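Read top to bottom, the protein sequences are chains A and B.
Our numbering puts the first residue of the first sequence at -14, with every later residue one more than the last.
Our numbering puts the first residue of the second sequence at 17, with every later residue one more than the last.
Bear in mind the hints are in silico, worked out from the structure with no lab data behind them.
In this text, all values refer to a predicted model and were calculated from it rather than measured experimentally.
Everything hinted at is true.
Derived lysine to aspartate or glutamate pairs resembling DMTMM-like cross-links, with alpha carbons at most 20 Å apart:
#1 A:LYS79 - A:ASP103
#2 B:LYS102 - A:ASP235
#3 B:LYS95 - A:ASP235
#4 B:LYS102 - A:ASP250
#5 B:LYS193 - B:GLU182
Computed Cβ-Cβ distance ranges for the label pairs, DEER-style:
#6 B:GLY79 - A:THR267: 45 to 55 Å
#7 A:PRO243 - B:ARG59: 13 to 23 Å
#8 B:THR167 - A:ASP226: 20 to 30 Å
#9 A:ASP235 - B:SER55: 34 to 44 Å
#10 B:GLY163 - A:ALA251: 19 to 29 Å
We put the CB at the ideal spot given by N, CA and C, even for glycine.
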Amino acid sequence: MSSNLHQAGVTLLKQLGRHAELVMDVYLSGSVSEGGDNAAAIEKLRKADILWRPEPEQELRLKRSVRALLEEALSDERNRQIDANVGSSLATIKTLADHYKEARHAVDYSASEAYLSDLSEHVYSFAEGLRYSIRVLWSRINNEFGYVGTINAKIRENELAQSQVTELLNGLEMFQFSELGEIAGDIRELRKLLVTTLQETLSDCTQELSVVQGRLLELLGRFRQIQGRTRLLKGWLLYTDQHPDYRVADHVGHKQLPRLFNRADALLAPAAVDVNNSGYETELLGLVAQIKAITRVGRDSEVREHDVAFSLVQAEDFDIPDNPLKLAVEEYFCAVIDSGLRQSALEYHQDKQLNWDEESWLYQVICGYEGLPEEHRRYFELEPIGEPDPVYTGNFIIRDVELWLA
Amino acid sequence: MSSTTQTVLVGQGALIESLLRGEFICRTSNEEAWRALKSPVTRDNVEQYLNQINRTIASAGEGEVFFCGYQQLGDDERKVISSQFKDICNALIPLVEWLVLVQEASGQDAPLSEGAAVRVSELQMRIEDTPAFREQLGKISHYRLFGSTSTQVDAQIKLVFKRLVELGYLLRPNAEKQIYIATGKLDYLYEVIRFIDETEGLSLEAQAETATQRDLI
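All chains should be modelled from the sequences, with the hints used to inform the complete structure.
Here's what the structure looks like:
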């Protein structure tokens, strides 16, 4: 029997898994019509009692139990179903406890064991169900009934949630622990299940439910305030429309001034500097001198208020005087060409008694060589003379350069 | 230790200044000052300071909005209050019409209240697409409170929002973005309307209710 059940359960779950896409589609859209491409799959699901037809000529829907499983597993906020039927759970628990006691009395161990495990299952699932209901309520509170659009709908949803809370609380009141204690008698297992476990759950849940109730009332108050403001505005417009000569009464003329209208005049006007008063010139200059511009963000490019006209004209001729150092380097190059000999740059520098710093001279020579057009540079050879740095490898210290014709 | 007292004093100075400038202090407009006024100690300090110059801290909107009032009322103070009252009464109709327009054009349940954001570009698009809203905006922007003379939706809406920032009903946190945030002064406005409603027995809410029910039928 139990292996049969196991088999059947596995088949059912596999079927759910195989048609997961379809099941989710139906879950999200609510119903499915048989005519589509996956008619065979739909038929299979219908046979497995996963889909059903609520009324003839209606489309197929997901079974409540499958929906509930998905809603619970996905914490879908649209789920507002709450099982407030505490009475029947209580009755089941009591009945099972009686069965257990009878079996125990008859010393039928296998039966009493079965009843006990059944009873534990019921007690635990009752506790779980209760906690789940509270979780559902919280999730609705936390997003402030965001799944409905208008304030009126929110107020209605809030009222629904409140009635559910009241029902749950009423149901919980049906638990009489003295009665449960009597049923449990002095049987340890029963006491643990019926008294300890249930009592803990119930006191937790009752506490939490009262918090939920408080929050719901608070939300309702806020919704009503929003609604009240909208109505207030609309009412004002209506009233002033209907009574065009309406003037607000003089509420500030009475001896007792309403606190609301007691507003002091601005004592501090925004300050501004009179830049036209020459008497302040020294102070103003002092202030201006202290101004520091600290810009942490890039400055906006300034846009001129008016377009300034300008016309394209021939650019005036201008020339940049050549750098004398550069000219001297050119002369050095010419000297090398004229003599056709290998010539050290520093020696040339000393010969001509040039008054530039030696280092800048060497730099300029190297630059002059590098700066030549490719075809001219091919006529020259430049060799740096120097030694590698004694400490840092890869660095070469140039003491002099030599230039000759290639 | 001394540095903390220093910052407290500086903060209080700024807080007193903004109260004396006639500003409304709420969580949105000036959270630091709002927190300071929520704490009884600083509030007492500020109150003591203000009392010396015949001022007191007043609050509205269930204690979420603070402003500065007179401690003792003489003739001069009454004159100021009465002119301010006239100003706010004259502003009521344009402001209420604007609030309803924003609420309806953006399709929201709740009218603007402190902390709510308005995206002007979206609002403008919706108003431009609907002739009734366009007409309404034109009417609102031509009230003396806003004083527009333009016939363009764009210019009208920009002016209205600019004026509302000047009047302290809105904030524009980022000058480069067209997003405005409502301040606690709007909540003050609701309280003023509610006060008028209750003292004059206009029963505005009930009227609106019956009107909507008539619409539904």
